[in-house]
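Here the protein sequences come in this chain order: H and Y.
All residue numbers for the first sequence refer to the working numbering, where the first residue is 15 and numbers rise by one.
All residue numbers for the second sequence refer to the working numbering, where the first residue is 15 and numbers rise by one.
Mixed in with the good hints, there may be bad ones.
Said to hold, decoys possible - Dumping the calculated BS3-like pairs for lysine-lysine here, alpha-carbon to alpha-carbon at most 25 Å:
#1 H:K363 <-> H:K233
#2 H:K359 <-> H:K296
#3 Y:K233 <-> Y:K340
#4 Y:K359 <-> Y:K227
#5 H:K340 <-> Y:K296
#6 Y:K359 <-> Y:K296
#7 Y:K340 <-> H:K296
#8 Y:K278 <-> Y:K233
#9 H:K296 <-> Y:K278
Calculated directly from the structure, the hints in this document are not laboratory data.
Given the structure is predicted, the values throughout are model-derived calculations rather than measurements.
Number of protein chains: 2
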Amino acid sequence: MGAELGELSIIADGGMLVTDGLIVATGPSGEIEKQMSGDAEVVDATGRVVLPGFVDAHAHPVFGGNRVAEFEMRARGATYEEIAASGGGIRSTVRQTRAATEDQLLARALKHAAWFIRAGTTTVEAKSGYGLSVEEELKILRVTRRLNEETPIEFVPTFLGAHAIPEEFQSAPDGYVSLVIDEMLPRVADEGLAEFCDVFCENGYFDVATSRKILTAAKARGLDIRIHADQLTNGGGAELAAELGAITADHLEQTEAPGIAALKRARVQPVLLPGSVYALGKARYPRAREMIEAGLAVVIATDFNPGSSPTPSMPMVLSLAATQMKMTPAEAVTAATINAAYSLKRGDKIGSLEAGQLANFVLYDCADYRELAYWFGFPQAHSVYLRGERISW
Amino acid sequence: MGAELGELSIIADGGMLVTDGLIVATGPSGEIEKQMSGDAEVVDATGRVVLPGFVDAHAHPVFGGNRVAEFEMRARGATYEEIAASGGGIRSTVRQTRAATEDQLLARALKHAAWFIRAGTTTVEAKSGYGLSVEEELKILRVTRRLNEETPIEFVPTFLGAHAIPEEFQSAPDGYVSLVIDEMLPRVADEGLAEFCDVFCENGYFDVATSRKILTAAKARGLDIRIHADQLTNGGGAELAAELGAITADHLEQTEAPGIAALKRARVQPVLLPGSVYALGKARYPRAREMIEAGLAVVIATDFNPGSSPTPSMPMVLSLAATQMKMTPAEAVTAATINAAYSLKRGDKIGSLEAGQLANFVLYDCADYRELAYWFGFPQAHSVYLRGERISW
C-alpha cells in the first residue's frame, strides 16, 4: 500500500525452485542450485527478467464481434450520442454476443486467451454483462467456466448483469433491476458461476441507490463486490464502494479527494484502467499519485473490452501508468501483480514469486524490469509458465 | 494527398501473383489463380488482411544503451532540466553510443530489426546523430550499411550530425557547425553513406539560420533534406523546410496554420510522430486533421529512439493516430505505407501492392484492416514477406 508500491524485492542473479507447480524457494541462484535434485529441469534465464505472471483484475474477455466501425466513427469525430444513435455502444456488443452460440463465444474467447498469455498475463478477471437477460448472462458465465477448463489461464468470474439497461427494458428500467436481483443473482449464486458482483454505477445506467440495492442483494447471496465507479461523472461511486465494503472500486477517472479518503477508510482497492482513457481519446486519467500518497493498494488493469479498451496487454497498461499517470515502473509492477492478486482474493496464491505461491511466472527479453514499461506497443515476453509448466499458445 | 488518404483500394477475396521478388498482378483471387503457373507456391491468406509492409520514415535505430533511468525519473515527475542536469537526454545516448564498438552497435540494432519485422515493418529510415564527431557519425552510418547487408529490411540512411551540440563543443557551438559542414558532410557524401540530411531545428539546438546553412551545404553535396521542425516551439521550422524544398518536415507538434500553408505551397510532406508525444506524457499532438484538410501528403512514423519514443511498432502508431490525432484507420494506413514510401523517394518501389512493386507484404491475424489501429499494444502480424520471401526473425 502507498509508498510500499515502489518497493520491489529484486534478486540479482536469482534462482527459483519449483516443484509440482508450486514455488519452493527463491534466492541467489547459487543457493537454489544447492537445493536442486539431480534430475531437476533447469531453465536458464540469464540476461532476462523473471516476474510473476500479470494478474489482470478488470477485463471483459467474453463477447461477440468487435466495435471497429464505432472506433472509426470516433476517429472521424463522432460524439458519444451519434455513436449510440447509430446503434453503437455496449448494446452493439450485446446484440453481437446474443447472436453468438456458446461455442462461437468460446472460440473467440480462446483467441483472447492467447493474446493474454503472449503479453505475460496468467490470471484474468472475466465479467459478464454483454448478455443482459437471464439466459444470456448465464451463457457468458458458462463460457468463462469452459475457459477455465480449456486454457491454462485462471479466469475469475464476475457477474455484471447491471452493465447497461437492455433495449427491451428501456421504458421500464426498474423491471430490469428486478430481473437482475430476483432472477439472475439467485441463478448465478446457486450455480456457483461467479465470485464477484459488479455494477456500472453511473447516472443513466444504474444510479447510486439502484447500485446499492443490487450490490446489497449480491452480498446477501455470498458474492464479493466490485464497482464501476466515477468513470463519466463524480457521482458518489467511490463512496458507495466504501459504504458497502466493496473489494474494489474501478475506473475512478472523476474521483476527487473525498472519494479517495472514503476508499482509504474502508480499505477498498482502486482499480485504475488507463487503457480506456487512452482509447477513447480522453485526457483525464485517474489520480494515481494522490491515491498512492493516500496509502491505497492501487491496482492497474486492462479493462479489455471491444468498446472502450481493446487491449489485452498489461505491459501496455504499465506504459500508460508510467507515461500518463506518473506511476513509477516499480509501482506499476506491484499494481499489476500482487495488488491485483489481492483484489481477486488470491494474494496468498499468485502475484508474487515466493515459497508457497503458484509457479506462474514469465521470462522477458530484457535485463531490467523497467524496460517493460519503457519500450511500448509490443510484448517482450520470452516464455510463460503456469503452475510450473511452460505454455505455448 | 488530402482526402485521398482515406481512399484505400481494397480487394475482397483478393489474390496477388509474385515472381522473382516482384508483384506481377493483383486482383480477385479467381483471376490470379488463372495466371498462376502449375508449380507456383500458394500462400493461403483466407480470413486474413494482407497489406504492404509498413514503411517507417522517421527512426533512430542505431544507438547504444537505453534511457530507462531517465524514463523512471520522468515518471517520478522530474523536469526536462532536472533530467539534463543528471546527465540524461540525447547526450546520455551519445555517451553510450560512443562507448560501443561497431559490432556491439550492430548486435543491438539487429535486435531492433527483429522488433521492426515482427510489427510488420519492412523499410526503416535510419538516422545517425548519436555520434556527434566525424568518426562516431561515420561509425553509425557504417552500422546502418551493415544492417542492410545482414537483415532483409531495407534501412534508408540519413545523416543527422546536427542532432545536438556535443558536450566538448558546448562553449563553442559554431565550431561544431563547421565540423558538420566542412568535415562530416564531405565524408558522408563521398563515401555514399547517406541519402538524406536532417537537422534538429530548434532554439538551443540549431536555430533556423544555422539549420539553413547546414542543409544548404547538404543539398550542394547531393543529399535530400528532412528537418526536425517545430517540435518544442513554433520557431519557423516548417517555413524553412518549404523554403529549402525539403522532402519532409518532421514532428510539427507546434506548427500552426501559416506553417501548414507553407508546407502545402512547397509540397513538403509532414511526418507526424505521435509516439513521442505519448511517451513524453504531453498533450499537444500535431494537427493531423488540418494538414489532411489542407491537402498534404501526411506520413506517420515511430520516431523509434531510446529517449522520447521507445516503440518500433507502426501498429501502435496507427492506434495513436486514430485515438489521439483523429485520423481514420484508412488515412493512417496510407500515411504509414505509400505516403511514407514517397517520403523516402521509393514510392515507385514499395508502399503499395501493385504490379511492378517489390513483394514486401504482411499477413495479419484479423479480417478487417481497421483492426490494426483498433486493438492496441500487441502486433497482429502473422507472417512477413520481403521481396517475396517469408522472413523468420
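Hint by hint, here is what the structure shows:
1. H:K363 <-> H:K233: holds, 24 Å
2. H:K359 <-> H:K296: Violated: K359 (chain H) and K296 (chain H) sit about 31 Å apart, past 25 Å.
3. Y:K233 <-> Y:K340: At roughly 35 Å apart (the allowed maximum being 25 Å), K340 (chain Y) and K233 (chain Y) break the hint.
4. Y:K359 <-> Y:K227: holds, 23 Å
5. H:K340 <-> Y:K296: Within the cut-off at roughly 12 Å; holds.
6. Y:K359 <-> Y:K296: violated, 31 Å
7. Y:K340 <-> H:K296: holds, 12 Å
8. Y:K278 <-> Y:K233: Measuring from Cα to Cα gives roughly 21 Å; hence the hint holds.
9. H:K296 <-> Y:K278: This hinted pair is violated, its Cα atoms lying about 30 Å apart.
Checked against the numbered hints above, the structure violates hints 2, 3, 6, 9; every other hint is satisfied.
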